[in-house]
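Visitor: Chains A, B and C, in that order, are what the protein sequence lines are.
Using the numbering used here, you'd call the opening residue of the first sequence number -2 and step up by one each time.
Using the numbering used here, you'd call the opening residue of the second sequence number 146 and step up by one each time.
Using the numbering used here, you'd call the opening residue of the third sequence number 2 and step up by one each time.
If you're looking for bench data, these hints aren't it; they were derived computationally from the structure.
There could be a bad hint or two in this list.
Derived DSS-like pairs: lysine-lysine, alpha-carbon spacing no greater than 30 Å straight-line [what the hints assert, rightly or not]:
(1) B:255 - C:385
(2) B:193 - A:183
(3) C:207 - A:43
(4) C:340 - A:43
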Amino acid sequence: MIKLSVNNRDVEVPEGTSILDAAGELGIKVPTLCHFKLDDFDIENKAGSCRVCVVEVEGRPTLAPSCCTPATDGMKVKTNSVRAINARRSMLDLLLSNHPKDCLTCQRNLDCELQRLAGEMGLHQILFEGEQMEHEVDRANQSIVRDPNKCIMCRRCETACNVMQTVGILSAVDRGFDAVVMPTSKRSLDDTKCTFCGQCVQACPTGALTAVNRSYDVWRGLNHPAKFKVVQTAPAVRVALGEAFGMAPGSVSTGKMVAALRKLGFDRVFDTDFAADLTIMEETTELIGRLTSGENLPILTSCCPGWVKFFEHQFPDLINIPSTAKSPQQMFGAIAKTYYAEKAGIAPDNMLVASVMPCLAKKYEAARDEFAPNGIRDVDIVISTRELANMIKEAGIQFMDLDESDFDNPLGESTGAGVIFGATGGVLEAALRTAADWLSDEPIEDVDFTAVRGLSGIREATVTVAGKDVRVAIASGLGNARNLLEKIQKGEAEYEAIEIMACPGGCINGGGQPSIKGDTSILEKRRQALYVIDGDKAIRKSHENPSIQKLYKEFLGQPGSERAHKLLHTHYTERENA
Amino acid sequence: MSTTCCERDTVIDDQPEARQTLDTYLDSLPLTDDSTRNRGFLIQSLHKAQDLFGYLPESVQLLVANKLGIHLSQVYGVISFYSFFSDTPSGEFRINVCTGTACFVKGAGKIVEEFTRLLGIDEGETTGDMRFSLGGLRCVGACSLAPVVMVNERVYGNVTPEMVPEILNDCE
Amino acid sequence: MSTITPLKDRDALSTWAADLKTERASGAPVVIRVSMGTCGIAAKTTPVLEALQSEIRSQQKESQIEIVQTGCMGLCHSEPTIEVYDRQTQQSIFYGNVKPEQAPTLIREESSQAFGVDVLTQNWYRPEETDADVETAQARIVLRNTGRIDPESIADYVGTQGYAALANVVTTMQPDEVTQTMIDAGLRGRGGGGFPTGVKWQFAAKQPAGEKYVICNADEGDPGAFMDRAVLEGDPHAVLEAMAISGFAIGAAQGVVYIRAEYPLAIERLELAIQQARDCGLLGTNILGSGFDFDIELKYGAGAFVCGEETALIHSIEGLRGEPIFKPPFPAVEGLWEKPTIVNNVETLANICAIMRRGAKWFRQIGTEKCPGTKVFALAGKVKRVGLVEVPMGTTLRDIIFGVGQGIANDRAFKAVQTGGPSGGCLKTEDLDTPIDYESLRALGSMMGSGGMIVMDEDDCMVNIAKYFLEFTLDESCGRCTPCRIGNKRLHEMLVKVCSGRADMRTLEKLRQLSDTIKDTSLCGLGQTSPNPVLSTLRQFRREYLDHVMNHKCTAGVCSALVRYDINERCVGCTLCARNCPVSCITGAPKEHHEIDQERCIKCGVCQQACKFHAVDKH
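Construct the entire structure; sequences and hints are all you get.
Guide: So this is what it looks like as C-alpha cells:
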C-alpha cells in the first residue's frame, strides 16, 4: 500500500494506482477528457494527451497528468492549486480555439464532455484564438457521422475501434496541428471495413463521432396521411430508454415505451421480440440439422449486423459457417410486409416499418441491398434508443406520467426467450431452450441455462441437450470474437454453437443506447432487467409462442421451408479487408 | 475478392516487376505468429516499397498491411506521420531545400522563394508535367555548406538565388 | 592487408593488433588522408581524391604514399580537406580547400609543405594519446578516430586499440563492474538531457534477466547538428563496440541502431562495419570465447524529429507512429517490446570505449566536476570557421566561437548564439564567458541539446529566429498532446503577428503566458522545451520584440512586412530595377526617376541587388 496526500488529506491506495484514482478515493474528482475506462471489459484509454487532468505534485518540475501518473509513497498532490487550474483552463482554451463553436446545433449539445467542462470551468472567452482545422464532414453512410473538425485527439475512439473491437479502421493520421483521427487514406467510413458498431460514438467525448439522426424522417412518415405506420422495438431498448428520463439504470419501461410510441402516432406498436422468437425457429432448425449431420459446425449466430460485416471483411474463410437466418429486425420487416400486410389488407408499399434499435449498425443493415425484395425495403427507417427518447421529449410527451400499454398483436406477442436476445448469451440460451425441447421426448422443465449468462467477454460451456453434450461459446465485443475465432482457426478449440455480438455485453451496450459514461455497472443492471422480464413471462420458449405457431401454420409452413427461406434467410458477401 | 469495398488505385498490378521484388522482400522477412513483433518490420518494408514504386499508393500499402498482418489504417497512420513517406507521386527531380538552422540563417528562405517563383509551385507540390517536386529537407548535416539544396541524390552547397536557374538547368 | 577470420579469444585480437602495427611500420612512409564524409563529398572531394590517386600512379609513388579515405576531419570550413601524415616523423600537415589541379604539387612534395595550398592548423589533441595542452582548445575523445582512420576497414580500427575495451570487458570484468565504472566516470547522456549514463544502465541491469535491448539513438534531428553523422561515417566500430559493452553490462544480447534514413553514407558504413565485426567474431555468439552473445541490427527512421525522444524512438522501431508516451514506466524497465531497454545516443556511446580503456579516473580529469568529458558541437552559422568542435566541458562559448571558430564572418558583429536546437535558446554577448555545461546553459534559458551551435550576427532578427524554431516544432510535433499540438500553433501565429507588425503588447504577454503553460503541461521533453526559443529571445532580446510591436520596425531588416524599399535621388533611370522586379511594381520612364508601388512590392530585394547606383534604400 502507498500513502499519499491529496489536497492535504491522506489516502492509502494499492501500488500502481493513478493519482486520479487516489484522488477519487477521497471523493475528489479531477476533470478528465481523454481518459476513458471500461472496468468490466478491462479497457482503458490512457493516452495522457488532453492534459486537462494535470495536477501539481510537490517536488516535480512540471505538472503531472493525474490519469497516468502512478501515486507514490509520500507524494503530496494539489489538484486545485492556481497553477493547476490555470493550466487546465488553458488546455480547454486551446482545445476550444480549434473547435467549431456550433454547440447549439451540434448532435452532442448538452451531452458533450468538452462543453460540460467549459461550463464547469467558467470559460467565457477564448484567449488563444487562431486557425482551425478544416476537414470534410463524412455523412456518406447510414449509421455514423464523422466530423473531424470536432476531434480533440483524445484517442478514445481509437481504443474502442482498435483495442476493444479490433476492427482497426481508425488511426491518428498526419502530425502536429494537422493530427486527427481518421480512417485509412482519410476515406469515408462506408469505404472501409467499419462495422458501424458505434462503440466509437459511445467513446467520443465530443461531436466528432455521432449517430446519423433519422427522427425527422420518422416525423415525416408519421405525418403521412396515407401510410400505415408500424414500429418494432428491440429487446434492449426497454431496459435503457428510461435512463433518458431519469429512471434508475435497470428500470424496465416497456409499457411506457409502447404508450409513448402510440402517442407519437404509430398505427401498430409491435415487438422485435416476436421476430426474435421467429429467428430461434429458423436458427435452431439449422443448428439441429448441422448437429445431426455433423457438418458445417460450429454454427455462428447472425443476428448482429456489426458482427456480420466484421466477418465479411475480416474472416472471409468463415463465410459459410454463420447461420443464414436474417436478424430479428429484418425478419420482422419481411413478415410485416407480407404476412401481416396481407392479413390487415394493406399494400406492402403503403406500409412504413420503423425500428427502434439499441444499435447503429441496424441502420446500415436495413439499408443493405439484399433487404429490399422487389424494391420494397423490409425496414424503412431505423432510429436508436437515444433518438426515440429525443422524439418523445420533442413531442412533449411526459414519459414518466404515461400509463403502461401493451404491444399490438399478433406481431407483438413474444416469449422470455425473445427478450433475452438483448444481452450477450441470450440468443444462444433461447436456441438451447428450443433445441432441448425439440430433441427431447418431452418439454424440458428448467429453461435457465445460467452457464451461458454473464458479462465477461468470452464464455464457454458444455450444456446437455437431450442427453447429448453440446459445446457452446459466447463472445461479445468484436475483439473477443476475434480471439475466439482465431482459436478455432488454429484448432485450439472446438464448439458446436457460438453466439457473437459486436458490442461488449451485447445489445444492452449498443452504439445507439443512452451513454453509460464509462460506468459498466449500468450494463449489469440492464442485463439483469432483461432476465427479470424473461423470468416473469408465462411462456419462455420461442416455439411455444402462439402467434409464432400461427404464423407457421397460416403462412410459412415449417421452419426451413421454401417460403421461410425466401423471407427469413439471407446470404453473405466477402468484402475486402481494408 | 468477389466484392471490394472501395475504389482503389491499380499501381500494384500495373508494375508487376516492382511487385515481384516487393513480394520477395516481404517473404524474406523473418515473420512469426506474433503480429505485434511483425509490425516491427513495417517501416523498413515501407522504405523498400517506396524505393520500388517511388511513392506509396494505397494498393501498395494494402499489400504490405496484409503481409505483415496489420490494419491498413495503421499503415496509413504511419505513412502520414513520417515525412519521408508519401502517398502521392513526386516529380522526376525532387528538389529539397534544407530547412536546418544553419541553412535558415544563411538565407534558405530566399532559395525556396526563387524555386517557387521559377517553377510556379509551392513547397510540397509537383509541377503539372511531373518533372519537379519542391520540398523541404531536414538537416542533412552539411551545415558548413549552408544553404544546401538536394536534387535527388545530388547536393548543392553555398547556394545563392542566382544559382537556382543553373540548378534547374542541371536537371536533364 | 590481413584476411578476416573469426577471433577465438582475446589473445587473437591482441596478436592481430600487433601484426597490424608491424605491417604499418613497413608500409608506405607517407599517408594522405582524404576527408570523405557527406559534407566533404558534397564539397566535391571526390575529384580531389581521384586526382591524387592518378597523380600517385603517374609519379609512380605507390610505395611511398598510401591514400586513406576517412570520415569528416571536422574542418568543414575548408572542405575539401586532406591530411598528409609522415609515419617516420609522425608529423601531419593539413591542407584545406584543395583543388584537383593541386594534386601534382601535393604528391611531389609528399610530406614537406606544398606551395600554394591552404595550410590549416591542427587545433586539437587526443587526451587518450597525449597530455592536456592548454594552448589547444579542442580535445578529441569522441572524434578520436574520425578523420584519421578508414571507417570501412575494421583493421584500421583494431590498429588503434579498437575492440580492446570490449575484449577486456567480456573476458575480465563482471557486468556490475562495468556499470560501476560508468557511474564512477560520471558520463552524462549527450543527447540533450544529461542523465547519468551509468545510472541508466544500472536501472536496466537490475531488471530480471531475460530479453533486454540496447538501442543506439542515431536519429540526429536537431536541424543544425551533425556530430553523430560524423562519428557514424568516420568511426562506426567505436559505436558498435560501445553497444556491445553496454549490452554486456545490462545483460542484453541484442542491440538496435535507430538511424535517420537521411544518412545513407552512415547507413552504408554501419552495415559494412556490422558485417565485418560479425566476420571477426566481435559480434555474434560467444564473443572472443567469453560466452557473451551480442548482435546488432539497423532500423531506419523515416523523418520525424520527435523520434529522438526515447519512447517515440521505441514506438518507431515497433512500427508505430513515433509518438512519445508518458514515463514511467521508463524504457529501462519497460522499453522495446516491453522489455528493459537502454537508449544511448551516438556521442554518448562514442565515449564509452575510451572510458573502458583508460578508466573512470582518467575521464574525470577532463571537463568539469559535474560534467566530466568533452562535448562535440556543430559550429555553424555566421562564424568564420564552421565545423565540428570537440571541447572539454566547461569551455566558454567565447573560446569556441572566437577561438576555434575565429569569430564572425564578413566583418559583421556578433549578436547571438543558439544552442540546443529547437529545444534551446539564444545567448548573447554577456553570456559568452559562461563555462558550458548542462546546468549553466539551462540557467541561461537554453539547453545543451545534442550540440548544435548556430552563431548569428546583426543581420539576424531574433523574433524571426524564434519563429523559425516554432515552425520547425510545428512541423515536427507528433500532435498527441494539446499544449504541443495547438499551443505551439498559437505561439507561431502570435510570432507571425509580431513579425508582420500586427501585434500589440498584449500579444507579448500572451506569448509568455502560453509558453510557460506549454512548458508546464506538455507530455514529452520536446514539448516541454519547445517554447524555449521564444522565452529566451523574449527575455534576452526584448528590445527587438518591442521594436516590432511598438515601432513596427525590424532592425535587422529581415521581417519583410516591416521592411520598405524606396528609390532615392541617385536613380538615373537606367530601368534595370524595373526589368528585374519579379512583380513588375517599379515604374518610370527611361532616364527618369523610378518609383516602387509599395502596395504590390513583395520586398524581395531584387531591385536593390540589381541597382548599380546604390539608388535603392531598404528601411
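Visitor: When the structure is checked against the list of hints, which entries are broken? Sort them ascending.
Guide: none
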